[in-house]
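Going line by line, the protein sequences match chains L and R. Taken in order, the first sequence gives residues 1 to 159; the numbers are from the working numbering. Taken in order, the second sequence gives residues 1 to 159; the numbers are from the working numbering.
Since the hints were derived computationally from the structure, they do not count as laboratory data. Careful, some of the hints might be misleading.
As the list claims (entries may be wrong) - Restricting the straight-line Cα-Cα distance to at most 30 Å, the calculated cross-link-like pairs of lysine-lysine (BS3-like) are:
#, chain 1, residue 1, chain 2, residue 2
1, R, K123, L, K38
2, L, K38, R, K146
3, R, K32, R, K123
4, R, K38, L, K123
5, R, K38, L, K98
6, R, K98, L, K38
7, L, K38, R, K32
8, R, K38, L, K32
9, L, K75, L, K123
10, R, K98, R, K74
11, R, K38, L, K74
12, R, K123, R, K98
13, L, K74, L, K123
14, R, K38, L, K104
15, R, K75, R, K98
16, R, K38, L, K75
17, R, K38, L, K146
18, R, K104, L, K38
19, R, K98, R, K146
20, L, K32, L, K123
21, L, K38, R, K74
22, R, K32, R, K146
23, L, K123, L, K146
24, L, K98, L, K74
25, R, K75, L, K38
26, L, K123, L, K104
27, L, K32, R, K32
2 protein chains.
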Amino acid sequence: MVKKILKSKSKRKAAPRRKSSSSPALRNTVIKSSRPAKLQYIPWSTIPLEDLNPLLQRQFIVGHEIMVARVLMKKGCIIPLHSHLNEQVTYILDGALKFWIDGKEIIVRAGEVLTIPPHMPHKAEAIEDTIDLDIFNPPRADWMNKTDDYLRRDEPADK
Amino acid sequence: MVKKILKSKSKRKAAPRRKSSSSPALRNTVIKSSRPAKLQYIPWSTIPLEDLNPLLQRQFIVGHEIMVARVLMKKGCIIPLHSHLNEQVTYILDGALKFWIDGKEIIVRAGEVLTIPPHMPHKAEAIEDTIDLDIFNPPRADWMNKTDDYLRRDEPADK
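Produce the entire structure from the sequences given, and follow the hints as far as they go.
And the structure:
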């Protein structure tokens, strides 16, 4: 039943696979199969940092319906305009991240939080070296299965 | 439809109101009405710290289906045994928290994470002054409407 709801939502909101910054809705960001809910004790130091591009590294932990990611950005790192079904909460632990979102520019600094509703397009740029804690519900399937091509660019395309 | 699922889950899992540490399942930890999904920019410094007991302070941010809380515990603070429908991810930012969970004792230190499945009973004690980031899905209704009596004790009851 839940699966059906997600599917119908996904149908309603789905957009063609992103070709440029003018069609930023990401597809396949939700795992369709059910994940086990299990107790996990995980030091961040045991999770390898994944290199996505020269300015961007990431590690994440997946619970049942929650994903928590530590995203390390060097100054100048750009997250291209995109959107996803997954709700996102961004908590900046260190540094500063400038967002373009909902027609506004918002600088989120260390100790500050941005809650991003499902399907809201957003772009970001690290204006300092930044440690960003990103929380998603449900977990980002495209991050888990490495289909997050929009982040895996040597040169950001749409500054 | 989502509401119906939550209700039926809640019925299935509901337990009598907690009277002692032997019946730790908390009721009414899920908001029944739908919350808006909205963009929010929130510095933690703008959210007053709530004093729950002499060793425990808390502040939280509620998104759509995600709640993020900063929980400040003085050494010796005890979170009594309890469980809830909400999935929990605990990320210790500073200090150390000892858990009794799933028949084990686990010390979670700064830079470490515990993912706690729905309905799994857990008790914790701050073995140092601790800053704990707790993430819930769905948000903890009992925290939002201040019915979290299990935390509002002057003297911890079940050490």
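Discussion item. Hint check: K38/R vs K32/L, CA-CA at most 30 Å. Holds or violated?
Written reply: At roughly 25 Å apart (the allowed maximum being 30 Å), K32/L and K38/R satisfy the hint.
Item to complete: Sort out whether K74/R lies within 30 Å of K98/R, counting only the CA atoms.
Response: 13 Å, holds
Worksheet item: Is the straight-line distance between the alpha-carbon of K98/R and that of K146/R 30 Å or less?
Response: 25 Å, holds
Worksheet item: Holds or violated: K32/L with K123/L, Cα cutoff 30 Å?
Response: 26 Å, holds
Fill in: Restraint status (C-alpha distance of K123/L to K104/L at most 30 Å)
At roughly 11 Å apart (the allowed maximum being 30 Å), K104/L and K123/L satisfy the hint.
Worksheet item: Given the proposed pairing of K123/R with K38/L, does the C-alpha separation stay at or below 30 Å?
Response: With a Cα-Cα distance of about 17 Å, the restraint between K123/R and K38/L holds, given a limit of 30 Å.
Worksheet item: Does the structure keep K38/L and K32/R at a Cα separation of 30 Å or less?
Response: Status holds; Cα separation ~25 Å.
Discussion item. K123/L and K146/L were given as a pair; does the straight-line alpha-carbon distance stay at or below 30 Å?
Written reply: OK: K123/L and K146/L at ~20 Å, within 30 Å.
Worksheet item: Is the straight-line distance between the alpha-carbon of K38/L and that of K74/R 30 Å or less?
Response: 28 Å, holds
Worksheet item: Is the hinted pair K98/L and K74/L satisfied, with a Cα-Cα distance of at most 30 Å?
Response: 13 Å, holds
Discussion item. Just to be careful, I want the Cα atoms of K38/R and K74/L compared with a cutoff of 30 Å; is the pair within it?
Written reply: 28 Å, holds
Discussion item. Between the alpha carbons of K123/R and K98/R, is the straight-line distance 30 Å or under?
Written reply: 8 Å, holds
Consistency note: the structure conflicts with none of the earlier hints.
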